[in-house]
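Peer 1: One letter stands for each residue in the lines below.
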Amino acid sequence: MRSAHAKFEANGIKLYAVSYDDPKALREFAEAQGITYPLLSDQDSTVIKQYGILNTQVSPDDAFIYGIPYPGVFVCDEDGLVVSKFFHDSYKKRESPEAFIDAALGHIQIEEEVPQTSGGDEGIAITAAVRGGNSSLRQGIIRNLVVRFALKDGLHLYGEPVPTGLTATQVTILGPQDLQSLPTKCPPTTPLYHEIMDINLNVWSDEVTIVVPFYPAGDLATEAVAPATTAASIDFEVRYQACNETECLLPRTERFSIDLPLGVVDIPSL
Amino acid sequence: MERDNLGFDAPAPVDHPVRASLPAGAGTGPAIGERLPDFELPDAFGRQIRFHDDRGNAKAALVFYRSAVW
Numbered sequence: 002m003r004s005a006h007a008k009f010e011a012n013g014i015k016l017y018a019v020s021y022d023d024p025k026a027l028r029e030f031a032e033a034q035g036i037t038y039p040l041l042s043d044q045d046s047t048v049i050k051q052y053g054i055l056n057t058q059v060s061p062d063d064a065f066i067y068g069i070p071y072p073g074v075f076v077c078d079e080d081g082l083v084v085s086k087f088f089h090d091s092y093k094k095r096e097s098p099e100a101f102i103d104a105a106l107g108h109i110q111i112e113e114e115v116p117q118t119s120g121g122d123e124g125i126a127i128t129a130a131v132r133g134g135n136s137s138l139r140q141g142i143i144r145n146l147v148v149r150f151a152l153k154d155g156l157h158l159y160g161e162p163v164p165t166g167l168t169a170t171q172v173t174i175l176g177p178q179d180l181q182s183l184p185t186k187c188p189p190t191t192p193l194y195h196e197i198m199d200i201n202l203n204v205w206s207d208e209v210t211i212v213v214p215f216y217p218a219g220d221l222a223t224e225a226v227a228p229a230t231t232a233a234s235i236d237f238e239v240r241y242q243a244c245n246e247t248e249c250l251l252p253r254t255e256r257f258s259i260d261l262p263l264g265v266v267d268i269p270s271l
Numbered sequence: 760m761e762r763d764n765l766g767f768d769a770p771a772p773v774d775h776p777v778r779a780s781l782p783a784g785a786g787t788g789p790a791i792g793e794r795l796p797d798f799e800l801p802d803a804f805g806r807q808i809r810f811h812d813d814r815g816n817a818k819a820a821l822v823f824y825r826s827a828v829w
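In order, the protein sequences belong to chains A and B.
The first sequence stops at residue 271 when you use my numbering, and every number in between is there.
The second sequence stops at residue 829 when you use my numbering, and every number in between is there.
Rather than coming from a laboratory, the hints here were simulated on the basis of the structure.
Check each hint, because a few of them may be wrong.
Listed below are the simulated SDA-like cross-link pairs for lysine to any residue, each with C-alpha atoms no more than 25 Å apart in a straight line [unchecked claim]: (1) A:K86 x B:A783; (2) A:K50 x B:D813; (3) A:K15 x B:R778; (4) A:K86 x B:G766; (5) A:K86 x B:P770; (6) A:K186 x B:F804; (7) A:K15 x B:S826; (8) A:K25 x B:G792; (9) A:K186 x B:D813; (10) A:K186 x B:I791; (11) A:K50 x B:G766; (12) A:K86 x B:G805; (13) A:K50 x B:N764; (14) A:K25 x B:I791; (15) A:K25 x B:E799; (16) A:K50 x B:P796; (17) A:K15 x B:D797; (18) A:K8 x B:A783.
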């Protein structure tokens with residue numbers, strides 16, 4: 002988060018972090034880490050309770066850990082309205098900072114320097130990239146597999162649901178085994194009325210970006226031992242079918258692979 | 760190190776409350792579209808920060824985390 006703060010500033014997004022730590026501890030932390038965004042001290046968990054996210058499985062008898070929240074992030078717009086929120090069933094699962102920037106801007110950036118590959122055919126250009134942090138694999142840290150289709154004028158792709166005979170666009174992570182996928186995020190489709198079938202099809206045209214958030218668990222990025230290798234490759238499959246107003250191309254399946262560094266962790270979190 | 764059923768390793772025992780998961784169906788605060796409740800808290804340098812005033816007209820990410828100490 003510290004290293005990403007400049008990206009928040011560059012995009013006009015303010016960053017605040019709330020914990021139950023006392024201001025003195027936060028000051029030491031801020032100075033040691035060079036953090037310049039506000040670390041707010043909610044020592045009696047008033048705001049954590051106000052927000053309804055107190056970890057109630059920790060009891061006051063659990064001494065020093067009582068008062069912690071279920072960790073999570075809210076992203077708000079200029080009016081302070083929530084546009085996106087991120088909570089998970091484990092404190093080990095955490096978004097990369099870029100996910101909050103993308104949520105605030107309503108647009109997913111693919112920076113030039115991130116690991117990426119490309120594909121496509123016949124008027125369809127596919128760019129696939131791994132976005133978030135330095136794209137490294139770290140236990141529970143969520144990176145986004147971003148697949149962007151740029152379509153020639155007149156072509157469209159399908160979102161779910163599709164009638165029998167047509168193929169919906171799909172991005173599937175195939176491996177390695179310990180890479181877990183979270184639900185795919187797609188932009189809303191546009192209805193396209195099909196006269197012969199007398200139905201509305203759900204389509205995307207021009208450009209569409211599909212995101213599959215993923216994180217490593219198990220042996221792949223364990224914090225129990227130092228990683229045996231320095232990199233792993235994420236393998237994934239992209240399935241799609243492009244059509245224009247009158248005809249459809251055959252459904253296509255393309256396989257990709259992107260090499261990602263394995264993160265090194267000095268101190269595992271509790 | 761103990762591994763939980765999601766495949767995460769951590770030094771604390773699996774059943775220790777510090778590793779408690781967000782229960783299924785539990786609330787996670789303000790919903791999409793709601794205005795974030797305002798609050799005032801001191802920062803690391805003792806300044807009182809009133810969230811919406813300090814934010815001004817900027818978009819913001821508000822992070823709740825467990826601790827900067829442990």
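Peer 1: The structure should be examined with respect to each hint, and the outcome stated for every one.
Peer 2: Tested hints:
1. Taking the CA atoms of K86 (chain A) and A783 (chain B), the gap is about 16 Å. The hint holds against a cut of 25 Å.
2. Straight-line distance between C-alpha atoms of K50 (chain A) and D813 (chain B) comes to about 21 Å, which keeps the hinted pair within the 25 Å bound.
3. With a C-alpha separation of about 29 Å, the suggested pair K15 (chain A) and R778 (chain B) falls outside the 25 Å cut-off, and the hint is violated.
4. Taken as a hint, the K86 (chain A) and G766 (chain B) pair is honoured in the structure, with Cα atoms around 24 Å apart against an allowance of 25 Å.
5. The hinted pair formed by K86 (chain A) and P770 (chain B) fails the criterion: a straight-line CA distance of about 28 Å is larger than 25 Å.
6. The straight-line distance between the Cα atoms of K186 (chain A) and F804 (chain B) is roughly 39 Å, outside the 25 Å bound, and the hint therefore fails.
7. The straight-line distance between the Cα atoms of K15 (chain A) and S826 (chain B) is roughly 20 Å, inside the 25 Å bound, and the hint therefore holds.
8. Distance restraint check for K25 (chain A) and G792 (chain B): the Cα-Cα separation of roughly 35 Å exceeds the 25 Å cut-off, and the hinted pair is therefore not satisfied.
9. Simply put, K186 (chain A) and D813 (chain B) have alpha-carbon atoms about 32 Å apart, too far for the 25 Å limit, and the pair is violated.
10. Taking the CA atoms of K186 (chain A) and I791 (chain B), the gap is about 16 Å. The hint holds against a cut of 25 Å.
11. A distance of roughly 29 Å separates the Cα atoms of K50 (chain A) and G766 (chain B); the hinted pair therefore is violated under the 25 Å criterion.
12. Our distance criterion of 25 Å between C-alpha atoms is broken by K86 (chain A) and G805 (chain B), whose separation comes to about 28 Å.
13. Between the alpha carbons of K50 (chain A) and N764 (chain B) the distance comes to roughly 28 Å, so the proposed pair goes past 25 Å and is violated.
14. For the hint pairing K25 (chain A) with I791 (chain B), the CA-to-CA distance comes to about 34 Å; that exceeds 25 Å, so the pair is violated.
15. Annotation: proposed proximity of K25 (chain A) to E799 (chain B) holds, straight-line Cα distance about 18 Å (limit 25 Å).
16. A distance of roughly 11 Å separates the Cα atoms of K50 (chain A) and P796 (chain B); the hinted pair therefore holds under the 25 Å criterion.
17. Among the hinted pairs, K15 (chain A) with D797 (chain B) is consistent with the structure: their alpha-carbon atoms are about 15 Å apart, no more than 25 Å.
18. Taken as a hint, the K8 (chain A) and A783 (chain B) pair is broken in the structure, with Cα atoms around 33 Å apart against an allowance of 25 Å.
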